[in-house]
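For the protein sequence lines, the chains are A and B, in the order given.
Residue numbering for the first sequence is 6 to 288, as defined by the working numbering.
Residue numbering for the second sequence is 6 to 288, as defined by the working numbering.
Derived from the structure by calculation, the hints contain no laboratory data.
It should be emphasised that the depicted structure is a prediction, and the values quoted were computed from it without experimental measurement.
A portion of the hints provided could be inaccurate.
It does not matter which identical chain is meant; a pair holds if it fits inside one copy or across any two.
Unchecked claim - Derived lysine-lysine pairs resembling DSSO-like cross-links, with alpha carbons at most 30 Å apart:
1. Lys117 x Lys217
2. Lys16 x Lys35
3. Lys167 x Lys191
4. Lys23 x Lys238
5. Lys11 x Lys238
6. Lys141 x Lys70
7. Lys167 x Lys286
8. Lys23 x Lys232
9. Lys11 x Lys28
10. Lys286 x Lys16
11. Lys232 x Lys141
12. Lys70 x Lys282
13. Lys35 x Lys121
14. Lys167 x Lys35
Protein chains: 2
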Amino acid sequence: MTELTKVSNNKIFGGWQKVYSHKSSVLGCKMNFGIFLPPQAEEVSVPVIYFLSGLTCTEANFIQKAGAQKYASENGVALVVPDTSPRGSNIPDESDSSDLGIGAGFYVDATKEPWKKNYKMYSYITKELPSVVNEKFPILSDKQSIMGHSMGGHGALICALKNPGMYKSVSAFAPISNPIQCPWGKKAFSNYFGETENNVLWNDWDATELTKTYNGPPLDILIDQGKEDNFLKQGQLLPENLLNAAKDAGLPLVLRFQEAYDHSYYFIATFIEDHIKHHMKLV
Amino acid sequence: MTELTKVSNNKIFGGWQKVYSHKSSVLGCKMNFGIFLPPQAEEVSVPVIYFLSGLTCTEANFIQKAGAQKYASENGVALVVPDTSPRGSNIPDESDSSDLGIGAGFYVDATKEPWKKNYKMYSYITKELPSVVNEKFPILSDKQSIMGHSMGGHGALICALKNPGMYKSVSAFAPISNPIQCPWGKKAFSNYFGETENNVLWNDWDATELTKTYNGPPLDILIDQGKEDNFLKQGQLLPENLLNAAKDAGLPLVLRFQEAYDHSYYFIATFIEDHIKHHMKLV
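Required output: the full structure, derived from the provided sequences and hints.
Written out as structure tokens, the structure reads:
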């Protein structure tokens, strides 16, 4: 029986924005997650969308800044928002950089020391957290989907691509679409997995590579990307690589370039309604 | 000619959320303010709503958490969001408490040492800032209104009540409605104005007292108040006193008690659309 500790509980748009902490056995530490329960959840079980956040974030950023609760309330869907890494693992230098360690779990299961004991965000997101959520809240466990931003967009894409059928749909805001080809991804993967000949293992955690070999139920992918996103210009995101792979694989992917928008939550707030509607068509 | 320094500029809901800093001659320090320009402002001048924030806030809280830009964009209205006090006045103990000094200017013009030189937020909000905004941006200066939260709700109400005709309408979220009767207000007013016989001067800065003597064009007041607001329960807000004064004075005031909502930005986000529509009916 999972034990949850209530961190906060606020009424918003007729529903409840809650934050809980729990002891994660997969990660070996206490973890916070947010859950928004729409008003409909007082009467019936509801579908759920997971939102994975980007580098340096906690569960708080999306909850406070995206304005998603309005649309989740209108559409009768719960939103689950996990933290972005284990915290308190006492790994040396774990909090020294913004793109590795704390706040930068990259939604993978690390295989290399000193990370491999705690940095299992992939298993946490796809197994432990859903089991907690489905046990404790009125959730339709067969109607779940996933979305995310930047590092969390990468996370959402790999969770969906690696688990055909588990998520009804997937979407992303400015995702790190091809991490094995960008500086952020190379740094994270070489630390979490190590460097091997041709780094074959890395392909298992890369959305563009996984798209090439995806074999499962149809997966409609929606991606929004701001044209004035500095990380796009720096080659950290590489959405065209993912688009090309999806075209080759016959996977429906809509990539929308949004004029003048950047990488911020202002961008997410503007398009989150479209993403929630995208998921609701499919759950 | 006022000089503005751009702090940030983000595309959101088709418009631009900007933050500027400028040297305030009234306050004697550098001040930040936010301005959201809706897409319509690229073609024509637009009405403007000022939003005054609560204790401990800067201009950032409302901009990031209220989700107001969506409705401002839909309604073609600019939003101006000032900071809540002077900063850097070097007054001893200025930053020691959350309800006095920095972050707690209370939108008054202080008359007592050591505050009276810098703490002139009332003059800043009603004179200097509008003159900067009207000079620099495509704003219809005769179509302005004002709203605020908590301390900023008090600020919005007194700005409107003390300047008949200057604001087309006023609204507030959980305002400090009768500061001369509550602990926050008594502490602030005794520091900013001093204690005098019967504290007559205090009445000039109290929304409930000002309502009793208001003599100007009709002023439709909308107030939302969460029923589970701890500061309501602690007697800091006292909206019934304002409601009774408005009834006696024949001033139209709608006070809505919102079941289960608290004092947070989740509460503001839920009802900000109603407030923007309230203002747009009247500007």
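Against the structure, the hints come out as follows:
For the homomeric pair lysine 117 and lysine 217, the shortest alpha-carbon distance inside one copy (26 Å) is at most 30 Å, but the shortest distance between copies (72 Å) is not. For the identical chains of this complex, lysine 16 and lysine 35 are intra-copy neighbours only, at 25 Å inside a copy versus 36 Å across copies, given an alpha-carbon limit of 30 Å. When the C-alpha separation of lysine 167 and lysine 191 is checked against a cutoff of 30 Å, the pair qualifies only within one copy, where the shortest distance is 20 Å, while the shortest distance between copies is 61 Å. Taking identical chains as interchangeable, the C-alpha atoms of lysine 23 and lysine 238 lie at most 30 Å apart only when they sit on different chains, with a minimum of 22 Å there against 36 Å within one chain.
Taking CA atoms no more than 30 Å apart as the test, lysine 11 paired with lysine 238 passes between copies only; the shortest distance there is 22 Å, against 41 Å inside one copy. Taking the shortest alpha-carbon separations for lysine 141 and lysine 70, both the intra-copy value of 26 Å and the inter-copy value of 28 Å come in at or below 30 Å. In this homomeric assembly, lysine 167 and lysine 286 come within 30 Å of each other (Cα to Cα) only inside a single copy, at 22 Å, whereas the closest approach across copies is 52 Å. Taking identical chains as interchangeable, the C-alpha atoms of lysine 23 and lysine 232 lie at most 30 Å apart only when they sit on different chains, with a minimum of 18 Å there against 34 Å within one chain.
For the identical chains of this complex, lysine 11 and lysine 28 are intra-copy neighbours only, at 13 Å inside a copy versus 44 Å across copies, given an alpha-carbon limit of 30 Å. Taking CA atoms no more than 30 Å apart as the test, lysine 286 paired with lysine 16 passes in both settings, with 26 Å inside one copy and 28 Å between copies. For the homomeric pair lysine 232 and lysine 141, the shortest alpha-carbon distance between copies (27 Å) is at most 30 Å, but the shortest distance inside one copy (40 Å) is not. For a Cα distance limit of 30 Å, the shortest separation of lysine 70 from lysine 282 qualifies both inside one copy, at 19 Å, and across copies, at 22 Å.
In this assembly of identical chains, lysine 35 and lysine 121 lie within 30 Å of each other by CA distance solely inside one copy; the values are 17 Å within and 49 Å between copies. In this assembly of identical chains, the alpha carbons of lysine 167 and lysine 35 lie at most 30 Å apart only when taken from the same copy (26 Å versus 52 Å across copies).
This entry satisfies every hint, going by the numbered hints stated previously.
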